[in-house]
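The chain contents come next:
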Amino acid sequence: MIDQAEAPANAQTECAAATGTSDSRNRLIPYAVLCELTHRCPLQCPYCSNPVELERASREIDTDAWKSVLSQAVDMGILQAHFSGGEPTVRKDLEEMVEHASKAGLYTNLITSGVLLTPARLDRLREAGLDHVQVSFQDTESENADRIAGFRGHAKKQEAARMVRAADLPLTVNAVMHRQNLHHLEDMIAMAVELDAERLEVAQVQYYGWALKNRQAFLPTRDQLDEATRIVEEARVRLKGILAIDYVVPDYYARRPKSCMGGWGRQFLNITPAGKVLPCHAAESLDFLEFENVTERPLAWIWEHSSAFNRFRGTDWMPEPCRSCDRREIDWGGCRCQAFALTGDPDTTDPACEFAPQRHVLEMPIGEAGGEIPEFVYRRIGNG
Amino acid sequence: MSKRLLLDRDSVPRLPRHAKLRFDRARDCWIINAPERVFELDAIAGEVIQLVDGTRTLAVLVDELATKYDQAPRADIERDVTAMLQNLADKGFVIA
Ligand SMILES: C[S@@+](CC[C@H](N)C(=O)[O-])C[C@H]1O[C@@H](n2cnc3c(N)ncnc32)[C@H](O)[C@@H]1O
Ligand code: SF4
Ligand code: SF4
Chain A
51 MIDQAEAPAN AQTECAAATG TSDSRNRLIP YAVLCELTHR CPLQCPYCSN
101 PVELERASRE IDTDAWKSVL SQAVDMGILQ AHFSGGEPTV RKDLEEMVEH
151 ASKAGLYTNL ITSGVLLTPA RLDRLREAGL DHVQVSFQDT ESENADRIAG
201 FRGHAKKQEA ARMVRAADLP LTVNAVMHRQ NLHHLEDMIA MAVELDAERL
251 EVAQVQYYGW ALKNRQAFLP TRDQLDEATR IVEEARVRLK GILAIDYVVP
301 DYYARRPKSC MGGWGRQFLN ITPAGKVLPC HAAESLDFLE FENVTERPLA
351 WIWEHSSAFN RFRGTDWMPE PCRSCDRREI DWGGCRCQAF ALTGDPDTTD
401 PACEFAPQRH VLEMPIGEAG GEIPEFVYRR IGNG
Chain B
53 MSKRLLLDRD SVPRLPRHAK LRFDRARDCW IINAPERVFE LDAIAGEVIQ
103 LVDGTRTLAV LVDELATKYD QAPRADIERD VTAMLQNLAD KGFVIA
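Going line by line, the protein sequences match chains A and B.
Heads up, the first sequence is in the working numbering, so the first residue is 51 and it goes up one at a time.
Heads up, the second sequence is in the working numbering, so the first residue is 53 and it goes up one at a time.
These are computed hints drawn from the structure, not numbers from a lab.
It cannot be assumed that every hint is accurate.
Unchecked claim - Below 25 Å or equal to it, Euclidean Cα-Cα: the simulated DSS-like pairs (lysine-lysine) are:
#: 1; chain 1: B; residue 1: LYS55; chain 2: A; residue 2: LYS153
#: 2; chain 1: A; residue 1: LYS290; chain 2: B; residue 2: LYS55
#: 3; chain 1: B; residue 1: LYS120; chain 2: B; residue 2: LYS55
#: 4; chain 1: B; residue 1: LYS72; chain 2: A; residue 2: LYS290
#: 5; chain 1: A; residue 1: LYS153; chain 2: A; residue 2: LYS142
#: 6; chain 1: A; residue 1: LYS117; chain 2: B; residue 2: LYS72
#: 7; chain 1: A; residue 1: LYS142; chain 2: A; residue 2: LYS117
#: 8; chain 1: A; residue 1: LYS153; chain 2: A; residue 2: LYS117
#: 9; chain 1: A; residue 1: LYS206; chain 2: A; residue 2: LYS142
#: 10; chain 1: B; residue 1: LYS55; chain 2: B; residue 2: LYS72
#: 11; chain 1: B; residue 1: LYS72; chain 2: B; residue 2: LYS143
#: 12; chain 1: A; residue 1: LYS290; chain 2: B; residue 2: LYS143
A quick note: this is a predicted structure, and the numbers were derived from the prediction, not measured.
So here's chain A without its partners, still in its complex pose (with noise of 0.2 Å):
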């Protein structure tokens, strides 16, 4: 009786075994768009997924180029809009453009660190429409946050997590985990329920953008990922109907890959600051694709037609194992940005499945973990 398809909506969620709709002329219809509205951010956390390359204030799009781009993915069907960045409070035109995603029906979701959140700012939105707030923490401890943030902010957004309960907007904390602050996963669960949560997303480090480049620094050991899948499944059944868990495993440690967007160009947008529409928002990685701009094209056609959405869409790019194997439609051979990024071949079957040809560029990583830690490689423009 209860056949819904679950369609994941953004790319720190592991992936449900979605295939997407289409609609009557057989075209996908994509489920969400993921605005990053600017690069810019106090913080300096060195696991950002954002790429190395940081746009620059100047190269971003202006407020009506925004809502041109949200008016048009409702007439696409798109059923979510994620307001994203960077740090999207900077952006002053937020409000306006979060009225004018949910008065076109829109589900609207701010992304954010919550240091520059005040209950004014809080409220305005609120009465713009936001339907949710996602808060994201480095650790339970504020040293130690702050010291990963490369910026004093724990303090500031335990009180923003406080404001948006306040507010009565409803609240996910996002904890982003690895080596150096897993052994606080216990409390952080806990955090989550004193925060009045309805949702806690434990995201193990997804290694591109800046996680890449320190990914020893925070690659768990087996036994560290085995300890916190533990914890969470304890807690799972725990708190089940108080605080739901989403929970991200390294796929470095998987024996099949993750549904990376629910595969390439099925039912995810992403647009950068600078108007550019990407398959995944990690895919300017793959340097040799051309990506269209929202200011000078349609969006529609852009997921359409575009050369960067059909590159990796469906199943005929394929190369064995993945190309005959029956796994092929749950998770699209892995993700394509690991691909290339791990062994320069970005046609290859994600090295993340055991099946992989080049599996084997997985061990030096994983027996390099738990070993000496590096010192990070913060987040800002100039340092990549």
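Using the hints, position chain B with the ligands against chain A.
Here is chain B with the ligands on its own, set in the frame of chain A:
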């Protein structure tokens, strides 16, 4: 929230603020928008969820469905509807 919600016939279920129900013309079905998730409901689940509006008890809701679908035994409807809504409640998408 501090304890698990268990639905019974006197519960008055509704959707929480973060779950938004609407009909989606592009996909031709009822959907629930929730953080990072979209539930596409089949025709029956869509019928049920439209009655989950914070005005009816579960018992009344089942009565209404039983009148509409009089070929199915009320007990079966009650069982299926309760299971469906409890499942959504456990994920935080139905409150009472
Ligand atoms: C890039 S941030 C932008 C929004 C805002 N600055 C923040 O940090 O909340 C978007 C989300 O991705 C998470 N994130 C960033 N880098 C990640 C990584 N390498 N792996 C998993 N999650 C990551 C952040 O914690 C945040 O919830
Ligand atoms: S992950 Fe950290 S550095 Fe990156 S945008 Fe968010 S707060 Fe800023
Ligand atoms: S071989 Fe390809 S399709 Fe099969 S499980 Fe591995 S990545 Fe997925």
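Quick rundown of the hints versus the structure:
no.: 1; hint: LYS55(B) to LYS153(A); result: violated (34 Å)
no.: 2; hint: LYS290(A) to LYS55(B); result: holds (8 Å)
no.: 3; hint: LYS120(B) to LYS55(B); result: violated (34 Å)
no.: 4; hint: LYS72(B) to LYS290(A); result: holds (21 Å)
no.: 5; hint: LYS153(A) to LYS142(A); result: holds (19 Å)
no.: 6; hint: LYS117(A) to LYS72(B); result: holds (22 Å)
no.: 7; hint: LYS142(A) to LYS117(A); result: holds (14 Å)
no.: 8; hint: LYS153(A) to LYS117(A); result: holds (11 Å)
no.: 9; hint: LYS206(A) to LYS142(A); result: holds (20 Å)
no.: 10; hint: LYS55(B) to LYS72(B); result: holds (23 Å)
no.: 11; hint: LYS72(B) to LYS143(B); result: holds (14 Å)
no.: 12; hint: LYS290(A) to LYS143(B); result: holds (8 Å)
In this structure, the hints that do not hold are numbers 1 and 3, in rising order.
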